[in-house]
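K.L.:
Residue numbers (our numbering): 1 to 306.
Incorrect hints may have been included.
Stated by the list, open to error - Derived CB-CB ranges, DEER-like: (1) 220 <-> 94: 24 to 30 Å; (2) 256 <-> 66: 50 to 56 Å; (3) 79 <-> 200: 26 to 32 Å; (4) 222 <-> 64: 43 to 49 Å; (5) 193 <-> 272: 28 to 34 Å; (6) 62 <-> 225: 37 to 43 Å; (7) 64 <-> 302: 48 to 54 Å; (8) 66 <-> 195: 56 to 62 Å; (9) 67 <-> 205: 31 to 37 Å; (10) 205 <-> 64: 56 to 62 Å; (11) 60 <-> 254: 56 to 62 Å; (12) 83 <-> 228: 16 to 22 Å; (13) 256 <-> 74: 40 to 46 Å.
In case anyone wonders, no lab produced these hints; they're calculated from the structure. In this text the structure is predicted, and so the values were computed from the model without any measurement. The beta carbon of each residue, even a glycine, is placed where N, CA and C say it ideally should be.
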Amino acid sequence: MADSEVPAKQPRWVWHTSAGAIHHPDMRCTECNVRQLHVSNAEALDDDFKDIVTSKRVDRKEMDKLRRQLSERDAEIAKIRVEVTELNVQVAELTEKVSECERVHAPTPLAVPSSPSLPSPTFLSARNSPLPAMDDEPHPTPSFETASLNAAGTSQDVSVKDAASQASDPKGSKPHPQPSRRKRGPSNQKDSRHHGLNRAGQRHIFRREIGSLMSADDFSRTNPADFQRLPPIYRRARIFAAEDVEDLFDRQSHPNNSASKKACSLLDHLHDASTSKNARLRAPVEAHLMKHYKTNRKHSEWYRAR
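Using the sequences and the hints, build the whole thing.
P.N.:
Written as structure tokens, this is what we have:
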């Protein structure tokens with residue numbers, strides 16, 4: 001009997017270390033024919049083969065268990081990253097509010113009131129003269145001084161009223177200063193729009209608030225599917241459409257633009273929140289931000305260089 005027929009007659013599994021395979025002797029093996037391996041030098045018993053298979057199955061189960069644990073750890077890490085991002089956004093908003101309050105309440109040279117002009121001698125004589133008694137003439141003949149007071153205008157009439165109120169006060173308290181009648185100009189009123197520069201270096205007008213004019217409730221009713229796909233930070237900042245992202249890109253292009261620091265910080269946090277998601281699960285506004293974030297990052301170099 002030829003040596004090539006021996007493997008087929010033995011009920012043993014054949015282990016080829018060079019070929020890296022285990023097979024039954026009755027199975028035709030290409031490696032056996034090509035390499036002309038002898039079964040006597042590369043064979044294993046059935047029990048040994050079963051032990052090897054069992055150990056491999058145990059290793060596979062252990063690997064699956066480790067993969068599940070790693071997936072759970074990755075989910076926990078992603079959750080912690082989202083929480084850290086939300087906290088950073090809150091800190092940035094509080095910092096921006098504090099800076100805004102400091103700018104609003106900071107004293108300016110224009111806010112210092114100018115020194116009042118000295119009163120005229122006629123005004124002093126009117127303040128020092130006592131009021132007429134009740135039994136005096138109701139309509140005395142006006143003198144030259146009284147006529148000059150009447151011709152002086154509304155401001156001296158108010159001063160005479162102050163003199164009368166001071167004389168009627170028995171305690172002689174000091175008169176209250178009259179508020180200025182000068183109307184406030186448009187520069188003193190809080191403007192809801194701010195002038196600045198966009199990314200192209202052109203003049204641009206920004207709204208005072210960042211985000212969409214639509215509230216989160218209105219957007220959830222209008223686009224419920226997109227609202228559910230948005231991360232929480234997008235909902236709080238009211239970044240619902242590509243126009244809102246473009247507004248942030250324009251704000252960060254110059255440090256003197258309205259809310260430029262907040263725009264830089266918010267864009268970084270929005271990018272971090274969308275990076276942890278699968279591209280197929282992102283909302284349209286997230287896809288727009290991820291597409292143009294790196295291109296517009298050069299406009300915020302002034303913020304990162306601090």
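K.L.:
Work down the list of hints and note, for each, if the structure agrees.
P.N.:
How the hints compare with the structure:
1. 220 <-> 94: 24 to 30 Å: holds, 26 Å
2. 256 <-> 66: 50 to 56 Å: Once the Cβ atoms are compared, 54 Å apart, the range 50 to 56 Å for residue 66 and residue 256 holds.
3. 79 <-> 200: 26 to 32 Å: violated, 39 Å
4. 222 <-> 64: 43 to 49 Å: holds, 44 Å
5. 193 <-> 272: 28 to 34 Å: holds, 30 Å
6. 62 <-> 225: 37 to 43 Å: holds, 41 Å
7. 64 <-> 302: 48 to 54 Å: holds, 50 Å
8. 66 <-> 195: 56 to 62 Å: At 59 Å between Cβs, range holds.
9. 67 <-> 205: 31 to 37 Å: With a Cβ separation near 54 Å, residue 67 and residue 205 fall outside 31 to 37 Å, so the hint is violated.
10. 205 <-> 64: 56 to 62 Å: holds, 59 Å
11. 60 <-> 254: 56 to 62 Å: holds, 58 Å
12. 83 <-> 228: 16 to 22 Å: holds, 20 Å
13. 256 <-> 74: 40 to 46 Å: holds, 42 Å
Hints 3 and 9 from the earlier list are contradicted by this structure; the remaining hints agree with it.
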